[in-house]
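Q: In case you want the letters, here they are:
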Amino acid sequence: MKLKTTVRGRTYAFADTKELLAKANEEKSGDQLAGIAAADAAERAAAKLVLADMPLSALREQPVLPPVLPPELDEVSAVIDSGVDATIYAEIKHLTVGAMRERLLAESGGELLRLGRGMTSEMIAACAKLMSNLDLLRAARAIEVVARCNTTIGQRGVLSGRAQPNHPADDLRGIEASLFEALAYGIGDAVIGINPVIDTPESVRAILQMTRETMDRLAVPTQNCVLAHVTTQMRAIELGAPMDLIFQSLAGTQAGNAAFGIDKALLDEADAMIRERGAAAGPNRWYFETGQGSELSAEAHHGIDQLTLEARCYGLARHYKPFMVNTVVGFIGPEYLYDGKQVTRAGLEDHFMGKLHGLPMGVDVCYTNHMKADQNDMDNLAVLLGSAGVNFLIGVPLSDDCMLNYQSTSYHDIATVRELLGLRPAPEFERWLEARGLMENGALTGAAGDPTIFR
Amino acid sequence: MTWQPKSAELLRRLQRSTPARIGVGRAGSRPTTAELLKLRLDHAAAVDAVYSEVPDELLADMGWFAVDTSSGDKETYLKRPDLGRKLTAEAEAVLRSRCAMRPQVQIVVSGGLSAQAIEANIRDIYPALLDSLRVLGLTWGTTFYVRNGRVACMDAIGELLWPEVMVLLIGERPGLASADSMSAYMGYNPRLGALESDRNVISNIHKRGTPPVEAGAHIGTVLQAMLDQRTSGTKLRI
Numbered sequence: 001m002k003l004k005t006t007v008r009g010r011t012y013a014f015a016d017t018k019e020l021l022a023k024a025n026e027e028k029s030g031d032q033l034a035g036i037a038a039a040d041a042a043e044r045a046a047a048k049l050v051l052a053d054m055p056l057s058a059l060r061e062q063p064v065l066p067p068v069l070p071p072e073l074d075e076v077s078a079v080i081d082s083g084v085d086a087t088i089y090a091e092i093k094h095l096t097v098g099a100m101r102e103r104l105l106a107e108s109g110g111e112l113l114r115l116g117r118g119m120t121s122e123m124i125a126a127c128a129k130l131m132s133n134l135d136l137l138r139a140a141r142a143i144e145v146v147a148r149c150n151t152t153i154g155q156r157g158v159l160s161g162r163a164q165p166n167h168p169a170d171d172l173r174g175i176e177a178s179l180f181e182a183l184a185y186g187i188g189d190a191v192i193g194i195n196p197v198i199d200t201p202e203s204v205r206a207i208l209q210m211t212r213e214t215m216d217r218l219a220v221p222t223q224n225c226v227l228a229h230v231t232t233q234m235r236a237i238e239l240g241a242p243m244d245l246i247f248q249s250l251a252g253t254q255a256g257n258a259a260f261g262i263d264k265a266l267l268d269e270a271d272a273m274i275r276e277r278g279a280a281a282g283p284n285r286w287y288f289e290t291g292q293g294s295e296l297s298a299e300a301h302h303g304i305d306q307l308t309l310e311a312r313c314y315g316l317a318r319h320y321k322p323f324m325v326n327t328v329v330g331f332i333g334p335e336y337l338y339d340g341k342q343v344t345r346a347g348l349e350d351h352f353m354g355k356l357h358g359l360p361m362g363v364d365v366c367y368t369n370h371m372k373a374d375q376n377d378m379d380n381l382a383v384l385l386g387s388a389g390v391n392f393l394i395g396v397p398l399s400d401d402c403m404l405n406y407q408s409t410s411y412h413d414i415a416t417v418r419e420l421l422g423l424r425p426a427p428e429f430e431r432w433l434e435a436r437g438l439m440e441n442g443a444l445t446g447a448a449g450d451p452t453i454f455r
Numbered sequence: 001m002t003w004q005p006k007s008a009e010l011l012r013r014l015q016r017s018t019p020a021r022i023g024v025g026r027a028g029s030r031p032t033t034a035e036l037l038k039l040r041l042d043h044a045a046a047v048d049a050v051y052s053e054v055p056d057e058l059l060a061d062m063g064w065f066a067v068d069t070s071s072g073d074k075e076t077y078l079k080r081p082d083l084g085r086k087l088t089a090e091a092e093a094v095l096r097s098r099c100a101m102r103p104q105v106q107i108v109v110s111g112g113l114s115a116q117a118i119e120a121n122i123r124d125i126y127p128a129l130l131d132s133l134r135v136l137g138l139t140w141g142t143t144f145y146v147r148n149g150r151v152a153c154m155d156a157i158g159e160l161l162w163p164e165v166m167v168l169l170i171g172e173r174p175g176l177a178s179a180d181s182m183s184a185y186m187g188y189n190p191r192l193g194a195l196e197s198d199r200n201v202i203s204n205i206h207k208r209g210t211p212p213v214e215a216g217a218h219i220g221t222v223l224q225a226m227l228d229q230r231t232s233g234t235k236l237r238i
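Chains A and B, in that order, are what the protein sequence lines are. Just so you know, we're using my numbering here: the first sequence kicks off at 1 and counts up by one. Just so you know, we're using my numbering here: the second sequence kicks off at 1 and counts up by one.
FYI, nobody ran anything at the bench for these hints, they're computed from the structure. Glycine included, C-beta positions come from ideal geometry on N, C-alpha and C. Please note that the accuracy of each hint is not assured.
To be verified - Which chain A residues face chain B? A few, computed with CB under 10 angstroms, are given here:
| id | residue |
| --- | --- |
| 1 | Asn-150 |
| 2 | His-370 |
| 3 | Asn-405 |
| 4 | Ser-410 |
| 5 | Glu-419 |
| 6 | Leu-420 |
Claimed, not checked - For each label pair, taking beta carbons as the anchor points, the in silico distance ranges come out as:
| id | chain 1 | residue 1 | chain 2 | residue 2 | range |
| --- | --- | --- | --- | --- | --- |
| 7 | B | Ala-34 | A | Gly-109 | 41 to 47 angstroms |
| 8 | B | Val-201 | A | Ala-78 | 45 to 51 angstroms |
| 9 | B | Val-201 | A | Leu-421 | 42 to 48 angstroms |
| 10 | A | Asn-380 | B | Tyr-51 | 21 to 27 angstroms |
| 11 | A | Ala-45 | B | Arg-98 | 45 to 51 angstroms |
| 12 | A | Thr-200 | B | Glu-53 | 38 to 44 angstroms |
| 13 | A | Val-197 | B | Ala-34 | 28 to 34 angstroms |
| 14 | A | Glu-440 | B | Arg-30 | 15 to 21 angstroms |
| 15 | A | Arg-114 | B | Leu-36 | 43 to 49 angstroms |
| 16 | A | Asp-85 | B | Leu-36 | 45 to 51 angstroms |
Bound-form chain B, shown alone:
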């Protein structure tokens, strides 16, 4: 049984005014099969994104090594945000031996709540970010990948490597509309004890949100402002 609105033209106009799932019709009081299954598909994509991991080939292509937070498995990662902010002792040792110390800019990449977001955007955003740093005359240290990281793992990393500024590219909590959205968190002199309000963020980076290439260039500008003003977060003027 197909559903017919009183005015198909008006329905299209209403639907164009919002991304909400309206004008969807019904079977009795229940959704139509097509709409029900579309919702299931979108939820499945979001859940798969949460449990996704970045493929080894991507890390190899980018030339990055990976370290772990103390989260262990995905279930613990989801239940214990505090552990996702701490590095394992092994990770700390790896960073000490493999990373340049005291870089001007430290770039860190983490899957966060959607490794899929990294997979979808990193090949666009990373070169754009490096171009932007080159144009601004900034130098960067050794980029690496953090498995099961939370935003505040920036502080633990900052404590080890002493960068002037840091940017963390991290997968966002996936919504139904987009499972591949990432954020860039940035901070001046990130150390343990930093507050949320000490960081700046560009969120909603994906192909239908803030385009990754554009975001990469914008990150460079924000980092430059942090270096100029020697501060970040709510105090930063951009």
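Bound conformation, chain A alone:
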């Protein structure tokens, strides 16, 4: 198969699928850093033209073109490949990427979820590369992914929030104070999830116990999680920690996961443990985070572009039927996503690709201070994602995470996006807010916003 096209008298040729996929991406500083980005806008457009005519089967089984990373060489590839539904794949494999894009934009939700089960992560990434921002919003919006742990989130019309009440020294009273602020704004229905400073089983257990006591005392219908390394969380479970969700960051290659200190065997072990000894009813008990650029950062990218690698994270995630997944889209820095425009694009791509993988997808709409982005860019992206039916956003006090030193969306921001788009908290959580006098008919009451009512 020839990866070649002539546009306005100029011929563009691409050596292999990897190069074609990379050059068909919208501009990202991370692909430029890896030295695999299109040289200019014309080459980018040419790559998209060639990709549009490529049959989906060429991304999986083309004998002339090797796959970007064969299943024999990489366990993430193996998980993705073995997870493809053979019947659905047989039905769509002759379609070109361009035709698949059109199919995705014409179909309704249930059918999109079905089609996604027949696609590899590379096919889903390829479709995203041909889609405009509005395409990504439209296709994602059609897909409803409902997940259940202690409570159920992801229903159409629901926008949930993760309360992220981090503290720079893991001070339990400080974490609780910030959690009160979240609850007072109607945030925390996705999860109460703390990033710990101290990665020890005892410390993780202490935070889980504190959040559990607060949830019990106030009868908050949600789930708890402490985002330590998975091995630390497993040891915390052994110490008897009351854990609803188990967490891990994922990469899109085996080598990337090795840099995170994990592999499939470890994830399987953690999966069995949380099923058996987790505190929640389930059936969904995992929380995963991802983000474009982490594989390159770990020098584990194999020359594959960051969008395709991100899709592969979702291919791995869907194997574990998680309760929540989010890309931490602007966390990793300007060498991967340079400015507000690139972060916005990546946020929309990641949300769409996650949803088409059948994942309960949220987004940490965020940036660091050395990126060319600001709070207004995050306001815009939060509203775009809200309109696309994102399952949840991250809430930190006034958008300033005093432990991780980056800015995300605030408790206020999630409340405003709900107000703007007519979205509601998760049903069980909304009933709790009503019982506490904090919400009426989906709107915050005058009593909302006061953390002192919970003590």
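Put chain B on the given structure of chain A with help from the hints.
A: Okay, now just chain B, sitting in the frame of chain A:
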């Protein structure tokens, strides 16, 4: 419209328990004007720190010359961390001609992601560091400044000057709470190919974090341990 918590005393207690921006009130579902503008001001300070440069007068006062990495401008510096680890050919020539070779201790200063952090702390940390080296009986080479440096520029410099140990004082990625925080990265026998795990670091050096004077003394102790044990990073016992 001023916002009133149910218990002002309890609110103060909650606020004292965390540096997080809580108990901030609201206008509808939006932040109050004062809180919104405070956030803008803190972000502006952090961004200004990223784009800051050390003033020439400071370099003149300290008696240091400056060299460049291959980053060129700030935008390239931010997008291409690999270039911030390499010196320009001109910089290499300058170091060869102006620096003492094979020093026991090589001190290098770089703005990194916040030149403002150098401006804020260097007049305190540098004399304290030299005092500490004198007390320990250590000698140092020719100190200089690197524009747009990354941590691993230590290895490129080590390759040229062959120091026994090196300390790089470099501005950290600014947070909203502090735009003037710096780190001291230290390594034994720094050469190309060194790993992250071969270095030791003292981070969060600023007036409300690790005080610069205290950090300067502590760096001397760490460098002495490296010289004694002929190693650095995760293998070093302090």
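Q: Which of the listed hints are not met by the structure?
A: 1, 8
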